[in-house]
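A.B. asks: Positions 310 to 390 (the working numbering) are the ones given, in order, by the sequence shown.
Note that these hints are calculated values from the structure, not bench results. Heads up, a few of these hints could be off.
Claimed, not checked - Distance ranges between label pairs, derived from CB positions: (1) Leu313 to Asp339: 20 to 30 Å; (2) Gly337 to Leu313: 19 to 29 Å; (3) Met340 to Glu366: 14 to 24 Å; (4) Ile365 to Met340: 31 to 41 Å; (5) Thr316 to Ile365: 36 to 46 Å; (6) Pro314 to Asp350: 11 to 21 Å.
We treat Cβ as the ideally placed atom computed from N, Cα and C, and that holds for glycine.
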Amino acid sequence: MIDLPFTPQIRSVFKESSDLSLSLKRNGVDMDLFFHCFTNDLSLSCFTLLDKYGCIEHLKLASAKVLAKKKETKSVSSKFT
């Protein structure tokens, strides 16, 4: 696999996902957390595409509902995020 560098925007989404994981007392970033942070930091092209079909708010609402159902982990550590 080719090791490519990440753009600042993607690194920001990773950082936000990690911070969210800790605030929700979870021991890792899963796709739900990553997707939630991704939809809150869309690039212009992604925003334009999703806005064209009017689904941005629906995606954000559905993502928030999924996160609300997440359970805390008994022992939380930043070394896992």
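A.B. asks: Which numbered hints turn out to be false for this structure?
C.D. replies: Going through the list in order, the structure violates hints 4 and 5 and respects the others.
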